[in-house]
Amino acid sequence: MTDLNTLQLTATTALGGTLPQEARHGALRMAENSGLALASLTLRRGTTQPAPFGLALPGPGAWGQAGRHAALWMGPEQWLIEGEGLAETDFATALQGQCPGCSVTEQTDGFVAFEITSEAGEAPILALLARLVNIAPDRLRPGMGTRTGLEHMSVLVIRRAPDRLALLGLRSAAATLWHALTTAAARLG
Amino acid sequence: MRLSGGEIDRSQTLRFTFDGRAYTGHPGDTLASALLANDVRLMGRSFKYHRPRGVFSAGSEEPNALVTLRGGARAEPNTRATAVELFEGLEARSQNAWPSLAFDALAVNDLMANFLTAGFYYKTFMWPRAFWERLYEPMIRKAAGLGRLSMAADPDAYDKGFLHCDLLVIGAGAAGLAAALTAARAGAQVILADEDARLGGRLLAESATLDGAPARDWVAGLEAEMASLPNLRLMRRTTVWGLFDHGVYGAVERVADHLPIPGAQVRQTLWRITARRAVLAAGATERHIPFRNNDRPGVMQAGALRAYANRFAVSPAQRVAIFTSQDDGHQTALDLIAKGVEIAAVIDSRAEARAMGEYRLIAGGQVCDSRGRLGLRAVQVRHGGGVEWLSCGALGVAGGWNPNLHLASHQRGRPRWDEAAQAFLPDTLPAGLAVAGAAAGQGETAAVMASGVAAALRALADLGLSGRAPALPITEARSLAGQSLWHVPGKGRAWVDFQNDVTVKDIKLAHQENMRPVEHLKRWTTLGMATDQGKTANVAALAVMAELTGQTIAATRTTIFRPPYTPVALSALGGGDSGAQFRPRRLTPSHAWAAAQGAVFVEVGQWMRAQWFPQPGETHWRHSVDREVLATRKGVGICDVTTLGKVDVQGADAAVFLDRLYANPMASLKVGMVRYGLMLREDGHAYDDGTCARLAEDHYVVTTTTAQAGPVYRHMEFARQCLWPELDVQLISTTEAWAQFAVAGPNARKLLERVVDGFDLSNAAFPFMACAQLTICGGLRARLFRISFSGELAYELAVPARFGAALMARLVAVGADLGATPYGTEALGVMRIEKGHVAGNELNGQTTAQMLGLGRMVSDKKDAIGAVMSRREGLVEEARVLVGLQPVNPGDPVVAGSHLFAQGAQQKTETDEGWITSACHSPHVGSSIGLGFLARGAERLGEVIVAANPLQGQQIALRVVPAHFVDPDGGRLRD
Amino acid sequence: MLIPHPLLGLRDAQEFTCLGDAALLNRPDGLADPQALTDYVYLRDNPAGVHRELWFHEQGDRSWLVVTRNTLTHEILGAELARDVALRAKGAK
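Residue numbers (this note's numbering), protein chains in the order written: chain A, 1 to 189; chain B, 1 to 975; chain C, 1 to 93.
Keep in mind that the hints were calculated from the coordinates and are not lab data. One or more hints might be untrue.
Residues from chain B shown here face chain C by an in silico Cβ test under 10 Å; the list is partial [what the hints assert, rightly or not]: (1) M226; (2) G247; (3) L630; (4) E717; (5) A867; (6) V868.
Note that CB positions come from ideal geometry on N, CA and C, so glycine has one too.
Construct the complete structure from the given sequences, taking the supplied hints into account.
Below is the structure:
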């Protein structure tokens, strides 16, 4: 368990700063979400599907939320569980406690997360998506999410709400992904 | 010359230059129409013969009026003047002419025409062979070709994007507008794309009314409705240039090409459109009728003359003649007369032709020659048994229309000849594609619109949507009767393909030389192989071939088309990924720290890794690397090894799974221990290596090499899902989640003791190849592995990636008195070679476990991937094994890639005994050293052999030594 | 090309990696029959026509699929999870 009071090391965000980065282009606001805790959850043979943190684990192509927790379907019998603002906790251990008998893997630092918010409804979000990923808009309606390719990188795209989108990518490629995202948003004006 | 009316905005004047001369035009003009308005008919020189050429068409099919647009780095060669919207300050230059367009020295080629005929490339540049590269190629490259590239980087930004729709409508003419309207009103997601800046297509080029008003009024009304429909995306200036499998279309949107400075934002956007259904409504291209000297500036498509008069309010000349085999040609005469242009005559090849208005008709006549070196002055007409010269400044030629079904054949669909339509029509269509309007052979506007509606209704029905036919406007009936005339027989050269200078004579020659099938004809004559891909030439050419062979056109068949429909800039296809953004760049957790230390970085796949850390006073990279190696071997070195692939393996059957995946046993590994693992390919060759750490009975963490992280993970998923789906095992890639550092050297333990939270690091408690989960630095969860690739006492310490930079800094800081030294990949490589550890150079896909000296690791007690095949005779008998190599003369280099021979042996393939895989300067040994595969190497320790490097003329004597240059018995690792 | 993913619907082929002949699912026991293993490693059908192929949804859910594709027309006749196909084959043995 990380004890922040005694810890002698300072974390850096995926973009390399001590504070998360933000950018704004037109109606779109983009921010690095360094507080998002992540863990992979995989069913083992014979285990029944759990409901960690009260989450109804979503089906293929879908994403669901319950309070500060959320789950994205990643593959057959596999989900990515999110904990908003829980990055400093031992999230994997907490999740394991909720899912006895399942395989859990720590992933908080495996990804960089960018949260994108529109101040003008869903149109700017849809326009941005069309510049970024080759996924039909009806597969990225609110409450849906998927892994796909973006500029030769693997990313997770989550439509949290009509006006909110999350983009999760390889932590090591955070700068490239941020460049791709902000460039696309800037070009939308 | 400028006429009245048209779709141009006379309230604004735009200034532009052509070949340095200043002209003016108006918004709504193309460069071609603006030049014609300024009485410029000569716009270029032809490809091969350098013949003077003018504008031929009013659209993207233009073969002649190719110019270099803009200047400096933005100079864009081979731009069709007919497709360039005029903008203020436009700058264009003619091409393929020297010293000037009007006097071109290479026009001498025209006098050598007999020499430059069909197949001349093949016949002329064959012998002698030595001339190929020295003479022929430079000569051809200099003389041929059209515009020149600027040779400067493209300064503009290009973008890309992805669109999905129910219905893609390609072309916004009468058919496309009707189709898009029908589908959009039914609620379908519709994209309507057109290469033009304006909607309407051919409607804007015709005088015919819709609902009794100019067609532009009807188009404008439709545009207003379409703009209000959220489910319809209008894409003007967008060429759908390719049709790919399963309804994927390539389109390029010219976002800013019509602006004086195109690069302010994005110049062009490449769109990948996935459409459930599509309607091809790309219209038709008018064909011409080849006759002697038919390539002079002023000879044009009759329909283009009409488009220039009606839409652009220009005529290339005051006095114009028409040569037609169709009623449609007469319409051009009528439209020109209405605009005040004088018609010299309408020459109709049909004896029974009748005049449709007040002009001189020459029925049963043919144009058989022309005059006017730099622009048409007169045409010679043969009729009634005699010939007559008619003076005129332009000639409109109307030979019928070819449907633009290029996209319909991008998936190898071969159009079929329709005798009634006298045109090639689509035969089998790609799934999901319908063709409508003129592209489907329709001519009358009412029929064109109806076919667009019908295609949309069929698409809607396929998609499970119901639609209704919209009310269509009342159209004017026009006679479209005609009789094909493929060429005017006679002497001299009659051009078929203007851009590539292919004449009827060339086709005759191809026929005579037995290049008769259309594909041969095309390649022998280069017909249709220019930038216009023969849009105005191909059908006429194969009709001529049909005539020569006595076959029907249907039997002669046509070549098919490939993407792109019109040329697409490579910058657009590149999608803007250039320079530092050419590909993703992955940074290690300690990257910023390393950069602050002045590290030199190296690209390792997508990763940027610190290669070495120069210190003040170090003037050569070897200084830095030698210091890092020696400091590590003497004190302690720290290296970021996060890039190694890491996979979390869990499940009740994790042990069984890994046992089958690795050649060596993994199930027997004790919890809390690590084992080196070797993966084989199924064919028995070595695939990848790494370590397996067993964290719990049902939980392992395995590592892969940096380069193979992706493929090995895929391979593991293949084994899990495809080979042994019955096993209870789960795989999660965690490469990114953990920052991992190698801490190596005699002081490694002492250094780690200063960061762990009360963890016993003693040899007894945490021996060689142990692993543990622990906390460090006051509570940070971490993983520790006691593994070594340097030959030293070494550990790898992993923490959540966000703490990686801080941990690196801390280890260096708290270890200062222990000699803690960061080292890069170069020192890493030196130390692994000194220790004889294999890496990518040895695991190159051609080597076996036996060659690597790891043969005993391959268990014969289990059926792991590759284990059985690795025991095949041929592999077992492989005599080359890994050895160390050291120069006899310590000053000599060891060069990787050199081949190994016995001393005194003749050096040839048969006597080749192996090769050097890795080499470096070893500060430990004090000379260059290497690793290599040598036949019977184990028996030859001490022998002196020769390393041959013929590329640099090197022959170096090397002594064969054990592959471990440091600590051969491994004592340091275990202390 | 578009691949009809059995769980995720039509997805662009750029998201996938193609491995080829789905016969690779039927790995024989190498200890029992080395010749069968040799055939498995080296002999593949390469039909001009309908072919069953393995595709990996690398930029997706990481499922291996068995895609039935006509190699002449690129028409895709179906796709299922390779795991299901392999389990079915094992059940049949």
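Hint numbers contradicted by this structure: 1 and 3
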